[in-house]
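Novice: Chain by chain, the residues run as shown.
4 protein chains.
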Amino acid sequence: MADAIRVTVWNEGRHEKQLDACKEIYPQGMHAVIADFLNAEPDIEARTATLDEPEHGLTDQVLAETDVLTWWGHMAHGEVQDEIVDKVHQRVLDGMGLLCFHSAHFSKIFRKVTGTSCSLKWREIGEKERLWVVQPGHPIVRGIGEYIELPHTEMYGEFFDVPEPDDLIFISWFAGGEVFRSGVCYYRGCGKVFYFRPGHETFPIFKNPQIQKVILNTVRWAAQPGADFKPKVANVEPLEQL
Amino acid sequence: MADAIRVTVWNEGRHEKQLDACKEIYPQGMHAVIADFLNAEPDIEARTATLDEPEHGLTDQVLAETDVLTWWGHMAHGEVQDEIVDKVHQRVLDGMGLLCFHSAHFSKIFRKVTGTSCSLKWREIGEKERLWVVQPGHPIVRGIGEYIELPHTEMYGEFFDVPEPDDLIFISWFAGGEVFRSGVCYYRGCGKVFYFRPGHETFPIFKNPQIQKVILNTVRWAAQPGADFKPKVANVEPLEQL
Amino acid sequence: MADAIRVTVWNEGRHEKQLDACKEIYPQGMHAVIADFLNAEPDIEARTATLDEPEHGLTDQVLAETDVLTWWGHMAHGEVQDEIVDKVHQRVLDGMGLLCFHSAHFSKIFRKVTGTSCSLKWREIGEKERLWVVQPGHPIVRGIGEYIELPHTEMYGEFFDVPEPDDLIFISWFAGGEVFRSGVCYYRGCGKVFYFRPGHETFPIFKNPQIQKVILNTVRWAAQPGADFKPKVANVEPLEQL
Amino acid sequence: MADAIRVTVWNEGRHEKQLDACKEIYPQGMHAVIADFLNAEPDIEARTATLDEPEHGLTDQVLAETDVLTWWGHMAHGEVQDEIVDKVHQRVLDGMGLLCFHSAHFSKIFRKVTGTSCSLKWREIGEKERLWVVQPGHPIVRGIGEYIELPHTEMYGEFFDVPEPDDLIFISWFAGGEVFRSGVCYYRGCGKVFYFRPGHETFPIFKNPQIQKVILNTVRWAAQPGADFKPKVANVEPLEQL
Numbered sequence: 001m002a003d004a005i006r007v008t009v010w011n012e013g014r015h016e017k018q019l020d021a022c023k024e025i026y027p028q029g030m031h032a033v034i035a036d037f038l039n040a041e042p043d044i045e046a047r048t049a050t051l052d053e054p055e056h057g058l059t060d061q062v063l064a065e066t067d068v069l070t071w072w073g074h075m076a077h078g079e080v081q082d083e084i085v086d087k088v089h090q091r092v093l094d095g096m097g098l099l100c101f102h103s104a105h106f107s108k109i110f111r112k113v114t115g116t117s118c119s120l121k122w123r124e125i126g127e128k129e130r131l132w133v134v135q136p137g138h139p140i141v142r143g144i145g146e147y148i149e150l151p152h153t154e155m156y157g158e159f160f161d162v163p164e165p166d167d168l169i170f171i172s173w174f175a176g177g178e179v180f181r182s183g184v185c186y187y188r189g190c191g192k193v194f195y196f197r198p199g200h201e202t203f204p205i206f207k208n209p210q211i212q213k214v215i216l217n218t219v220r221w222a223a224q225p226g227a228d229f230k231p232k233v234a235n236v237e238p239l240e241q242l
Numbered sequence: 001m002a003d004a005i006r007v008t009v010w011n012e013g014r015h016e017k018q019l020d021a022c023k024e025i026y027p028q029g030m031h032a033v034i035a036d037f038l039n040a041e042p043d044i045e046a047r048t049a050t051l052d053e054p055e056h057g058l059t060d061q062v063l064a065e066t067d068v069l070t071w072w073g074h075m076a077h078g079e080v081q082d083e084i085v086d087k088v089h090q091r092v093l094d095g096m097g098l099l100c101f102h103s104a105h106f107s108k109i110f111r112k113v114t115g116t117s118c119s120l121k122w123r124e125i126g127e128k129e130r131l132w133v134v135q136p137g138h139p140i141v142r143g144i145g146e147y148i149e150l151p152h153t154e155m156y157g158e159f160f161d162v163p164e165p166d167d168l169i170f171i172s173w174f175a176g177g178e179v180f181r182s183g184v185c186y187y188r189g190c191g192k193v194f195y196f197r198p199g200h201e202t203f204p205i206f207k208n209p210q211i212q213k214v215i216l217n218t219v220r221w222a223a224q225p226g227a228d229f230k231p232k233v234a235n236v237e238p239l240e241q242l
Numbered sequence: 001m002a003d004a005i006r007v008t009v010w011n012e013g014r015h016e017k018q019l020d021a022c023k024e025i026y027p028q029g030m031h032a033v034i035a036d037f038l039n040a041e042p043d044i045e046a047r048t049a050t051l052d053e054p055e056h057g058l059t060d061q062v063l064a065e066t067d068v069l070t071w072w073g074h075m076a077h078g079e080v081q082d083e084i085v086d087k088v089h090q091r092v093l094d095g096m097g098l099l100c101f102h103s104a105h106f107s108k109i110f111r112k113v114t115g116t117s118c119s120l121k122w123r124e125i126g127e128k129e130r131l132w133v134v135q136p137g138h139p140i141v142r143g144i145g146e147y148i149e150l151p152h153t154e155m156y157g158e159f160f161d162v163p164e165p166d167d168l169i170f171i172s173w174f175a176g177g178e179v180f181r182s183g184v185c186y187y188r189g190c191g192k193v194f195y196f197r198p199g200h201e202t203f204p205i206f207k208n209p210q211i212q213k214v215i216l217n218t219v220r221w222a223a224q225p226g227a228d229f230k231p232k233v234a235n236v237e238p239l240e241q242l
Numbered sequence: 001m002a003d004a005i006r007v008t009v010w011n012e013g014r015h016e017k018q019l020d021a022c023k024e025i026y027p028q029g030m031h032a033v034i035a036d037f038l039n040a041e042p043d044i045e046a047r048t049a050t051l052d053e054p055e056h057g058l059t060d061q062v063l064a065e066t067d068v069l070t071w072w073g074h075m076a077h078g079e080v081q082d083e084i085v086d087k088v089h090q091r092v093l094d095g096m097g098l099l100c101f102h103s104a105h106f107s108k109i110f111r112k113v114t115g116t117s118c119s120l121k122w123r124e125i126g127e128k129e130r131l132w133v134v135q136p137g138h139p140i141v142r143g144i145g146e147y148i149e150l151p152h153t154e155m156y157g158e159f160f161d162v163p164e165p166d167d168l169i170f171i172s173w174f175a176g177g178e179v180f181r182s183g184v185c186y187y188r189g190c191g192k193v194f195y196f197r198p199g200h201e202t203f204p205i206f207k208n209p210q211i212q213k214v215i216l217n218t219v220r221w222a223a224q225p226g227a228d229f230k231p232k233v234a235n236v237e238p239l240e241q242l
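Residue numbers (the numbering used here), protein chains in the order written: chain A, 1 to 242; chain B, 1 to 242; chain C, 1 to 242; chain D, 1 to 242.
Just so you know, these hints were derived from the structure itself, not from any lab. Bear in mind that the values here come from a model prediction, so they are computed numbers and not experimental data. A couple of the hints might just be wrong.
All copies of an identical chain are treated as equivalent in the list; a pair is satisfied when it fits inside any one copy or across any two copies.
Straight-line C-alpha distance at most 20 Å; calculated DMTMM-like pairs for lysine to aspartate or glutamate [unchecked claim]: (1) Lys232 <-> Glu53; (2) Lys213 <-> Asp167; (3) Lys207 <-> Asp82; (4) Lys128 <-> Glu237; (5) Lys128 <-> Glu240; (6) Lys232 <-> Glu149; (7) Lys112 <-> Asp166; (8) Lys112 <-> Glu164; (9) Lys112 <-> Asp82; (10) Lys128 <-> Glu146; (11) Lys121 <-> Asp86; (12) Lys232 <-> Asp43; (13) Lys128 <-> Asp52; (14) Lys112 <-> Glu83.
Working from the sequences, and respecting the hints, build out all of it.
Specialist: Here is the structure:
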C-alpha cells in the first residue's frame with residue numbers, strides 16, 4: 001500500500017487557554033479534534049504543532065516530513081517568527097500543501113502567498129451561513145451536495161482582498177446580507193493552497209461532518225508525497241545549436 | 001474626436017407586446033429605453049434591432065457596423081435562426097463586444113460562447129437582491145460603490161452552469177437564501193463578452209441609474225472600434241532556417 | 001479494490017485505412033495502441049469506438065459506462081453526427097472526462113466545449129518540438145520532468161483561438177520559430193476536459209513513453225467514477241422565511 | 001480635457017554608471033529614455049525616480065501623485081528598503097498601476113505581489129526572441145501584430161515561478177530552445193500589475209517602437225486616475241433585519 005499522507009495540524013492554541021467558550025468546545029484544542037478525525041482515515045497520518053512550542057513546532061525536520069500543513073491562527077499572527085514563515089513558504093513552493101482556516105486569512109503565511117492585504121468585513125452575531133458549491137467537479141467538494149449550511153457562524157463579507165482565485169469552490173450566503181468567497185484555491189510553485197472560511201473558535205465547526213469531509217478531500221487533493229520541486233535555475237546552455 | 005462607439009441593442013421584443021406588466025414599464029420596448037440612455041452619451045451611437053425584423057435586424061451590414069451588441073431574450077430563444085447566431089459568434093471572435101442580459105443566459109449565442117448548458121435555479125417572488133463587487137479595479141465597476149441593491153427582482157441561484165469566468169465582477173445575495181455569479185466576463189477570440197444578471201422584464205431594472213452605469217462602463221470596456229481580427233491560419237513557412 | 005476507470009478510446013480511423021505512412025505505424029489503428037497501454041494498467045479498463053461503427057460506437061449505453069472519453073479525428077470531423085456530439089457534450093457536463101488529441105482541436109465536440117473557432121497555424125515538415133511544463137504541481141505532469149522533446153512533429157502555432165485555459169500545463173517550442181499552448185484544461189459543468197497537442201498520425205507519438213505517461217495521468221485526473229451531476233434546475237422555494 | 005496620467009519611471013540606475021555597454025546606449029539612464037517617449041504623448045506626464053535618491057525618490061507625496069509606477073532593477077534589489085516596498089505595495093492595492101521590466105522579476109515588490117520565488121532560467125548570448133501574442137483582444141497589445149521580434153536579447157526560460165497569470169498576453173520563443181511567459185497581468189486589490197520580460201540593459205530594447213507601443217498601452221490600461229480604494233473593513237452592522 002502507498003505511504004500515508006503526512007499532515008501537520010498547526011494551531012495558535014491561545015483561545016483554548018484564554019476563552020471559556022472555546023475551551024468548552026475544544027478542551028484539547030482545535031488541533032486535537034482536527035488531527036483525530038484525520039487519523040481515523042487509513043491513508044492519513046496527522047500530528048500537531050502549536051505556536052508556543054520551540055520553533056512553533058515547525059522544525060526543519062517536521063516541515064520536511066509534512067505533505068500537507070493546516071493552519072489556524074487569530075490573536076497572535078504577529079508572534080509567528082518571519083524565519084519560520086519563510087521556511088513554510090519555501091516548502092509550499094517545493095510542493096507541500098497548505099490549508100488555511102477562517103481567521104488565518106490574516107496569517108503571515110497566507111498574506112505572503114496571496115500578495116494582498118486579505119482584509120474583509122466581519123460580524124459576530126451567530127447568524128446563518130450557507131456555503132454554495134460553484135465548481136461541482138472539483139475534488140475538494142466530492143460527496144458534498146449543493147451546499148453546506150451552518151446554523152450559527154461569524155460573518156465574513158466582501159470585499160475580500162485576495163487575488164482572483166485559481167479555483168473558486170464555495171460562495172457563502174449570510175443571513176445579514178453579505179456574500180463571501182469561502183473556498184478558494186491558489187497554486188504557488190509546485191504547491192497547492194486552499195483557504196476555507198469556516199473554523200470559528202466558539203462554534204463547533206470542526207465537528208461538523210460536512211466540514212470534516214471538505215478537509216479530508218482537501219488533504220488528499222493537496223498532498224504530493226515525495227514532492228520536492230527544485231526547478232533548474234541557472235545560466236543554462238542552449239538546447240539548440242546556434 | 002474619436003469615432004463614436006456603435007452599439008446595437010437587440011431585443012426579442014415579445015413580452016412588451018404580450019405582457020401588460022412589461023408593456024406598462026417599457027411601452028416602447030426595453031430596447032428603446034436602453035438605446036436612449038446610451039444615446040445620451042456623446043461617445044456612443046446606439047440603434048436597435050428585434051427578433052421580428054427580417055434577419056432579426058442583424059444583417060451583415062448591421063453586424064459589420066456594430067462595435068458592441070447587447071442581447072435580451074427569453075421566451076423565443078428557439079426562434080433565433082442558427083445562421084444569424086453563427087454570424088454573431090464570428091463577429092465576437094473578430095472583436096465585437098457582446099453584453100447578454102438576464103434571461104439571455106439561455107440564448108443560443110451565450111450558450112455557444114460558453115460551451116455549457118447555462119442552467120440555473122430561479123424564483124419569481126420579487127425578493128431583494130444585492131450585487132456585491134468582487135473585482136473593484138475592473139473598468140466595468142468604475143464609479144459603482146461596494147454593491148448595487150435592487151429591492152425587487154427575480155432570483156437566479158447557483159449552480160450556474162457556466163465556465164469559471166475569466167473575470168468575476170459581481171456576486172449576488174438574495175433574501176431567500178441563494179447566491180449567484182451575476183457579472184461574468186469571457187474572452188473569446190478577439191472579443192469581450194459580459195453576462196449581467198439584472199434585466200427582468202417586469203421590474204424597471206433598465207431605468208436604475210447604477211444598472212445604467214454598469215452598462216455604459218461595459219460598452220466602453222468591450223468596444224474595440226475597427227477591430228477585425230483575422231489571425232493567419234495557414235500552412236505557414238518556417239520563420240527560422242532549419 | 002475500487003472499480004476500474006472505464007475509458008472509451010474513440011478514433012476516426014480513416015488515415016489508418018487510406019494512408020500508408022499511418023498504416024505502417026498503427027496497423028490496428030491508433031485507438032488499438034492507446035487502448036493497449038491503458039489496459040496494461042490495473043486500475044483502467046479501456047475499450048475502443050470508431051466513426052464507421054453504428055452511432056460511431058457511442059451508444060447511450062457506451063457513454064453511460066464511460067468515465068473518460070479520448071478523441072482523435074482529422075479528415076472527417078464533418079461526418080460526426082450532431083446528435084452524438086450533443087450526447088457527448090451532455091455527458092461531459094454530467095462529469096465524464098474528455099481528452100482531445102492533436103487535430104481534434106477542430107472536432108465538433110472540442111469547438112462546442114470551447115465556444116471558439118480553435119483555429120491555429122500549422123506546418124508539416126517534421127521539425128523538432130519541445131513541450132515545456134509550466135504548472136509543475138498539476139497531476140497531469142506528475143513524473144514528467146521539465147519538458148518532453150519530440151524529434152519530429154507537425155508544427156501547430158499561435159494564435160490558437162481557444163479561451164484562456166483554466167489550467168495551462170504545456171507550452172511548446174518549435175524549431176521553425178513558433179510557440180503553442182500544447183496542454184490546456186477546461187472545466188465544463190462537472191466534467192474535466194484536456195486538449196493535448198501531440199498525436200500526429202504519421203509520427204509514432206502514441207508509442208512515446210512520456211506521452212503515454214501524460215495520457216495515463218490525464219485519465220486518472222479526469223475520471224470521476226459514478227459522476228452523474230444533475231444540478232437542481234427549477235423554480236425553487238425560498239430557503240429562508242421572507 | 002481629462003487630467004493627464006501621472007507616471008513615475010523608477011530605475012535602480014547602477015548599470016548606467018558602472019557598465020560601459022549600458023552607458024553607451026543609455027547615457028542618461030534607461031529611465032530618461034522611458035520618460036521621454038512617455039512625455040511625448042499628450043495624455044501622459046512622466047517623471048523619474050532612482051534608487052540613490054532619498055527614499056529612493058518615492059516619497060509619500062510622489063507615490064500619492066503616481067497613477068502608474070514602472071520599475072527597473074537588477075543588481076541592487078536588496079538595497080531597496082522594505083518600508084518603501086510596503087508603501088508601493090499599499091498603493092498598488094489602492095489602485096496604482098505597476099509595470100515591472102525584465103530583471104525586476106526578482107525585485108522585492110514583484111515577489112511581494114506574486115507570492116512566489118519568481119525564479120527562472122537565463123542565458124546571455126544575444127540570441128533571437130520572438131514574443132507571440134496569445135490574447136489578441138487585450139488593450140496591452142492593441143496595434144501590435146502577431147508577434148514582436150527582438151534580434152538579440154538575453155534569454156529567460158521556464159519554469160518561471162509565478163502564479164498562473166490573470167491574463168497571459170505574450171509567450172516568447174528563443175532560438176536556443178526555450179519558451180517564456182513574457183507578458184503577464186495580475187490584479188491585486190484595486191491595482192493592475194504587468195510584468196514585461198524585455199528590457200535588458202545592454203540591448204537597446206527601450207528604443208524599439210513596438211516595445212514602446214506596448215508600454216504606452218500598458219500605462220493607459222493600468223491607470224486609474226483618482227483611484228484610492230479603501231474597502232470598508234470593519235465590524236459591520238447587518239444589512240438585513242435578523
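Novice: Now look at each hint and say whether the structure bears it out.
Specialist: Outcome of the hint check:
no., hint, verdict
1, Lys232 <-> Glu53, "neither (35 Å within a copy, 36 Å between copies)"
2, Lys213 <-> Asp167, "within (18 Å within a copy, 25 Å between copies)"
3, Lys207 <-> Asp82, "neither (32 Å within a copy, 42 Å between copies)"
4, Lys128 <-> Glu237, "between (60 Å within a copy, 15 Å between copies)"
5, Lys128 <-> Glu240, "between (61 Å within a copy, 10 Å between copies)"
6, Lys232 <-> Glu149, "between (46 Å within a copy, 17 Å between copies)"
7, Lys112 <-> Asp166, "both (16 Å within a copy, 18 Å between copies)"
8, Lys112 <-> Glu164, "both (15 Å within a copy, 16 Å between copies)"
9, Lys112 <-> Asp82, "both (11 Å within a copy, 14 Å between copies)"
10, Lys128 <-> Glu146, "within (16 Å within a copy, 22 Å between copies)"
11, Lys121 <-> Asp86, "neither (28 Å within a copy, 22 Å between copies)"
12, Lys232 <-> Asp43, "neither (32 Å within a copy, 34 Å between copies)"
13, Lys128 <-> Asp52, "neither (34 Å within a copy, 48 Å between copies)"
14, Lys112 <-> Glu83, "both (13 Å within a copy, 16 Å between copies)"
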